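Chemist: Please build the complex by placing chains B, C and D on the supplied structure of chain A, with the hints as guidance.
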Amino acid sequence: MLISAALICQTVLVGIAGFAISVSAKRWANGIIYGAAALVCLTGLGIALASISAPSALTLPLGLPWIGMHFRIDALSAVFAAVVNLGGAAACVFAIGYGRHEQFPQRVLPFVPAFLAAMNLVVLADDAFTFLLSWECMSLLSWALVVSHDRTNENLRAGLIYMAMAGLGTLALFATFALLTGPGADFTFAAIRSHGISPALSGVVLGLALLGAGSKAGLFPLHAWLPLAHPAAPSHVSALMSGVMTKVAVYGFVRIVFDLMGPVDWRLSIVVIVIGAVTALLGVLYALMQHDLKRLLAYHTVENIGIIFVGLGLALAFRSSGLIAAAALAFTAALFHVFNHSLFKSLLFFGASAIQNATGERDMDRLGGLIHAMPQTAFAFLIGAAAISALPPLNGFASEWMVFQAAFQSAALPQWGLRLIIPAAAAVLALSAALAAACFVKAFGITFLGRARSDASSSAKEVDRTSRFAMFALAAGCGVAGIAPGLFTNLLRPASQMLTQAATPFATLPAPLTPIAASHNTYNGLVVALGIAIAAGLIAAVVKAFANRRTRRSDTWDCGHPEINVHAQYTAGSFAQPIRRVYAAFVFRARETVQLPPPCDLAPARLETSLIDPVWKLLYAPVGRSISVVSGRLNPFQHLTIRYYLGIVFVTLVVLLTVLAIWP
Amino acid sequence: MGPFDIAHFLAGLVVLLSFALLYQDRLPPLINTFAAQSLVLALSVAWQAQAQHAPHLLITAGIEFCFKTIVIPLVLTWTIRNLKIHRTVEIVVSVGPTIIAGIALVGLSMGLMLRAGAGIGNLAHQDMAFALSVVLLGLLMMVTRRNAVSQVIGFMSIENGLVLAATGARGMPFVVETCVAFSVLVVLIVIGIFLFRIRERFDSVDVALIDSFRGER
Amino acid sequence: MNWLLLPAALVLLLPLAAAFLLTLIPSYRIGAWLNIIASGCTFLASLGLLSVRATGPHGLLFVDDLNIAFAIITSLVGFTTAIFSKGYIQSLIEIGRLQNAHLRFYHTMFQILLGAMNLALLTSITGVMWAAIEIATLVTVLMVGVYRSHEALEAAWKYFILSSVGIALALFGTILVYMVAQPVVGEGLAAMSWVKLAAHAGTFNPMLSSIAFVFILLGYGTKAGLFPIHAWLPDAYAEGPTPVAMLSCLLLNVAMYAILRFKMLFAGTLGVIPPGTMMVTLGLTSVIFAGLMLYRRRDIKRFFAYSSIEHMGIVAFAFGIGGPIANFAGLLHMAMHALTKSGLFYVIGHIIRVKGSQKFDAIGGLTSSHPILGWTFVIAVVAIAGLPPFGLFTSEFLIMTAAVNANPLLAAGLGVGLLLSLGALFLCLNRVAFGAPRGALRPDEGSLLPVMIHLAIVLAFGLFIPGEVTAWFQHVARMLG
Amino acid sequence: MSDLTVQVLQAILALGLAPLLTGMVRKTKAKLQRRRGASIFQPYRDIARLMRKEAVVSHDASWIFTAAPTFILAATWVAAALVPMFAFASGLSSAADFIVMIGLLASARFALALAGLDIGTSFGGLGSSREMLFATVAEPAILILIFALSLICGTTRLLDIAAFIQTAQIGPHISLLLAFAGLAMLAVVENGRIPVDNPATHLELTMVHEAMVLEYSGRHLAQIELAASLKLLFYVSLLSAVFLPWGLAPAGASFALIGLGLALYFVKLAGAAMLLATFEISIAKMRVFRVPQFTGVALMLGLLAVILLLVSRSF
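Chains as they are written, first to last, in the working numbering: chain A, 170 to 833; chain B, 73 to 289; chain C, 170 to 650; chain D, 201 to 515.
FYI, nobody ran anything at the bench for these hints, they're computed from the structure. A quick note: this is a predicted structure, and the numbers were derived from the prediction, not measured. For every residue, glycine included, the Cβ atom is placed at its ideal position computed from N, Cα and C. Check before you lean on any hint, since a few could be wrong.
[Unchecked claim] Simulated DEER-style distance windows between Cβ atoms:
id, chain 1, residue 1, chain 2, residue 2, range
1, C, 650, B, 153, 40 to 46 Å
2, A, 192, C, 637, 36 to 42 Å
3, A, 235, C, 175, 32 to 38 Å
4, C, 266, A, 630, 57 to 63 Å
5, A, 235, C, 526, 46 to 52 Å
6, A, 804, C, 266, 38 to 44 Å
7, A, 353, D, 497, 37 to 43 Å
[As the list claims (entries may be wrong)] Calculated cross-link-like contacts (lysine to aspartate or glutamate; reagent style EDC-like; alpha-carbon spacing at most 20 Å):
id, chain 1, residue 1, chain 2, residue 2
8, A, 713, D, 480
9, D, 229, D, 246
10, A, 630, A, 271
11, B, 156, B, 97
12, D, 231, D, 480
13, C, 528, C, 468
14, D, 253, A, 724
15, A, 713, D, 246
16, D, 229, D, 480
[Claimed, not checked] Computed footprint of chain A on chain B, listed as stretches where at least three residues anywhere in the stretch have a Cβ under 8 Å from a Cβ of chain A:
id, segment
17, 142 to 151
18, 172 to 183
19, 247 to 259
Just chain A, with the same shape it has in the complex (with noise of 0.2 Å):
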């Protein structure tokens, strides 16, 4: 049975947190504990390709007694279950290395193997009770890793805002569920599923579970605590956080939206489309600004989200008018890129954690040069940085090319509002894309080209070989899912069938991945990238025979100025000045003021640029002041005298009691 399979397997996880609590101050303990969850997590990715094709459920006498818990692997919880376990292994073994330069080591191991059990576990939940524990079970973990460095205040801060957002949805998703479920005290999906839920109600469930999956997936404007809380903890959770959490808080959407509520009407895929497509553009934007690689890295997890959402609400669109081919279409594109994003986006993660390892440096602008220091670490950057700017014949391009192949097909919508929403929607898509080129351009080439800015960047060494070979694995799996995309699409197609009544066609090598028919719009990453591959080749050796092979080494041309200063190098702010310029000024009110020192005056001029976070502005600090005002107006309350108290219990009681006499 292998629901019971998985369910020991996430026993064995708790088992192994339980014993790092004992030995983790234990030098030895890091690669042991590590190492076992890594393998825990291949028994788990295993189990979960194993089901797709082949559901199996199990209730335990467990949780609310009269339901019990209930536990069910089926095609879709099995898709997520993969990426959860593979981004898992990848941590745990990028950790083997790297956890070895952990400051607080107890801080640490014990709560990563529970995380991936707790992740796992919403997962396989197959009643509301068991879902709503294991998730906030996950969010409980993760901040207790946000906050594992607790002698910063920020990283307190920020666990703190966390810890508020999570909570604020899991109560969204407490009135979901119970809206779902109704009166009656049976939480198990299967009820619920069969008693479905009024369309009148629909709107607001929908909006509910955008709520509760939204705030913990990093949908804006709820994505607030996501930059602050991602980067904070240890590099390798991190990427746990961006690259599976979310996926995890996705797989809640779908399971709400698309398996739980049955039929959703076409207007209230509108909604998901827009916020997706805002999303994405404003997290590119909001990553573009930054100069601290980790919060772009997070900044980019929302891009990234924004973009599956879109994904998600253009199948709704398509399903709520039976077009169940394209709906089908747009959810494998959607479910494909969950698995891209968790693939690269580790990736990028583990690459920033390396380097911050190798110079302790999170700054952009105090790095540079570092692909002389650490060429492998680079190359796999590189390769991640290019996978997420959606280049061919990578992944991202791949899943994000499905996209725009599903909006293509709104045009057989009949309703004229979809049909002038997509198409903008999809420039949103692209106009997102190519920010995100540039962001990572600006990420890589400040960080890796160039000349080094700082001596701990000159001074940086390679990292070891397991970090190393974790990158490389990840980005293996980035060419080979974009050069061979049909691979991972037909395994989508069972959660695809459920959740769609339809599916993409099956894909065989090395035939091109098909969206809707072989005669329609096609793409085959392998003859891509062969055909790169070729042209390359000839290009090489037509220059190796007939050009002129010597090459002089010499200093970089410096237009007469000897010795360049390092700080003349274009850095992160000023290389995304130009599309500051162009986007931010009206996003983030985003201001240069030019200080000229006085002629004759050898003071240096400044450049001055200044950022307004609207979100923030407008939403978050309001909340924050408002709870101070009114708490600090009602405090008095706690200073009078006991003859204001009396007062206060006499009033009560003459106000019930006229309210009892005027009651009609």
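Modeler: Okay, now just chains B, C and D, sitting in the frame of chain A:
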């Protein structure tokens, strides 16, 4: 005039005396008025005892008489003299509005009991109305007076209301015990006033501490 | 009377006997031990109550599923508190904050308090319950004032005055209930016995019963620490000895129990305003108010006193909503809160001993300086915050579910309150448990075992609720209607 | 003639003709400016000369710098080879559609921008950041235009689009016109022609493309130059294939038809060169921050085309 009319009349008298309590602005007459109220109460309890043929109520009447009409007033006057509490009642809300509020409260309780109307005996629920208004007036007094002593008296008038209610309810058990138990409270409060040397008000054990300590600062 | 009631009698008599003995024993060490032993026996006796489940009334006592639950929780927490208070008292003696004489008094009061609370729970007469709760209140007052410091006396006095007024109101309510019942049930003791009253529930005069319930709610609500009549609670918690704070959690439960009993009577009657509505209103305001107040606290004990107000608000809310799920959740929440909160105060007692202060400024970075103590505190706070895998999560989940289906607006209000307190609790964790260590770094002596026990139970209930308990709670929930 | 041969022929032809197109443009410009100008074969000579020179590479350069030119040329070449120039070569058409070609060019741009940053001069940074800025505006515009085309032709596969336009009797379709205008503008932007960028300048304030490749020399520069002209050829043949597909020989056609196709293709190239040259000398280079607006116009055209199509379909 029938038995219930007399009970009714005495209960009304008690309410009237609560108004008198609200009206007083110096401590000695306040104490005397309270003594008077307790006396009337004792009478009504005694009357109820013979009306309901419930001899144990006589004990209650006795307690009321000795304790509230004689002992407590004496103790309080003694306190005033010893602790040099000055004689005027510090009034938060001046007498006029207080009286009006009191009348409103009586109206409220009447209205409530009249709405309750059916079910309980016609006069019984008027007695309840009187008792309720005595309780409310006592609370009102505790809230609108500053001196410790006047607040204690307010509290005790609340108790009077309770006793009125308890005796008004036909055949209610534990009336005596309840009175005793309640008198313990009163005693403790009075002792507390001694113990803590509370001169003026019991807002705070020590007036100097009011600012330094309240909840937290 | 029926031998079946032996355990019930024991639960009442043991504490009284112990109290009597304790007055005689001069040495506080023996006293502390005796205290522990007596409480332990009481706990065992209360477990014995399970054998007499749902035998009808016997004179003044009666036992049904509802009050068994409360009795067992009370005596269990009483037991662990006794264990805690031994070590605690030792340290106070060492500091010289208490003298031997006080302790004799203290232990006697401890037992009397337990006895009074059990009496209030197990009696079948409304009047007796009132008297028992009054005694419990007075005893608590004396215990709060045991330090004789200005603040302690201030707190005790405040508590005393407010609760005496509360008691007066409660008494008036009790009398009204008698008045209501008398025409239906008949004169005399019958009109005061739960069983008889319950038998005639629903046939009472609606207006009068509503008035009665108002007085009951305000009177006992003062004990239960519901807003706006909660004022005494933070002071009493913060200024009294920590064990007293732990026992006050129980007094809250007892008061809530009283309110519940009366609600059961009047829920059926078409009251002018249904009792549930009043409870929901008071509960919701308490939750939100307490949630806001948490942000302004600088004293760790006060902080968690407000958290108690919040949780009692949740409980009142749940019972006010009514229905099988909400009532079940309310009971669960009450039990879990009593266990968790007393455990939490146990930990806080240790923290205060370590740091020598209960101000937040003087406490920080516990997980670094005292890992075990710090992480226990973190776990306890997580549990009290209603996060999994602890029992309060289950109850809050069920309450929210019931509330959403009953009235989404109320649910939203509750959500706001829960969110507020969640934020405040994690803010408190940031201050106390994380960051660089602040304040004194004395080693933490004394075992945390009792906390572990409490937390283990809470954890167990979070993951698995035994079938018997479920059936039992469900039965009670049905009784509550 | 079999598909594959045609495909290979196209690939070779693309590479071979690219410098010629550049040469033609330069020549025409010179003529229009009353200069004699270099011969249209000058680009070939330049490339040959560069090949013969030794390559100078900075000490700070990494493998990115030396590998980039080859990759850029390869990616551009693949893109160009996939555009039907004179015949329908469906050999690889199933491998890549319009979006993939744009993606390939994006990859090339990515590599070029990285190469610009590799040396760590402010010139390179300036060029890269501006290049990426232009791309951010250009790509959504292109996507919308593809969207419009796919709405008209029901596909994004260039071959099918061309076939559809060739056969279907849609006549002068307004959206098609808009799409053409938009694509033409984008071609100008993408190839860094005046008014967006001036391939002939070396004045640092104005240059974008040249700034990135400033450090290149010898064989590397040769490949980059070739890639640049190949990109121009790509756009010209793209426009001609989509909007004037007439003369494209059908798959498996006889030599005669293919010859005709070839002849027509040359004519199209010459025409394009004329147009481009005239356009370039008749307009002044614009400020960098005007470019997004210029491209924005193309985006608007695309959206307009889409909306018009939707309207025409829904009513």
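Chemist: Should the hint that residue 353 of chain A and residue 497 of chain D are 37 to 43 Å apart at their CB atoms be regarded as holding?
Modeler: violated (59 Å)
Chemist: Quick one, are residue 630 of chain A and residue 271 of chain A close enough, alpha carbons at most 20 Å?
Modeler: Cα-Cα ~17 Å, so holds.
Chemist: Does the beta carbon distance between residue 650 of chain C and residue 153 of chain B stay inside 40 to 46 Å, or does it fall outside?
Modeler: violated (58 Å)
Chemist: When you take the CB atoms of residue 235 of chain A and residue 175 of chain C, is the distance between them in 32 to 38 Å?
Modeler: Since residue 235 of chain A and residue 175 of chain C have Cβ atoms about 34 Å apart, the given range 32 to 38 Å holds.
Chemist: If I claimed the Cβ atoms of residue 804 of chain A and residue 266 of chain C lie 38 to 44 Å apart, would that claim hold in this structure?
Modeler: violated (29 Å)
Chemist: Would you mind confirming whether the straight-line C-alpha gap from residue 231 of chain D to residue 480 of chain D stays at or under 20 Å?
Modeler: Answer holds: residue 231 of chain D to residue 480 of chain D is near 13 Å, not above 20 Å.
Chemist: Under the criterion that the straight-line Cα-Cα distance not exceed 20 Å, is the pair residue 229 of chain D, residue 246 of chain D satisfied?
Modeler: holds (18 Å)
Chemist: Given the proposed pairing of residue 229 of chain D with residue 480 of chain D, does the C-alpha separation stay at or below 20 Å?
Modeler: holds (8 Å)
Chemist: Does residue 480 of chain D sit within 20 Å of residue 713 of chain A, going by the straight-line distance between their CA atoms?
Modeler: The given pair, whose Cα atoms are some 37 Å apart, is violated under the 20 Å limit.
Chemist: Against the range 36 to 42 Å, how does the distance between the Cβ atoms of residue 192 of chain A and residue 637 of chain C compare: consistent or not?
Modeler: With a Cβ separation near 38 Å, residue 192 of chain A and residue 637 of chain C satisfy 36 to 42 Å, so the hint holds.
Chemist: Are there at least three residues in the segment 247 to 259 of chain B whose beta carbon sits under 8 Å from a beta carbon of chain A?
Modeler: With 0 residues closer than 8 Å to chain A, the segment 247 to 259 of chain B misses the three-residue bar; violated.
Chemist: Tell me if the beta carbons of residue 235 of chain A and residue 526 of chain C are separated by a distance inside 46 to 52 Å.
Modeler: holds (47 Å)
When each numbered hint is compared with the structure, violations occur for hints 1, 6, 7, 8, 17 and 19.
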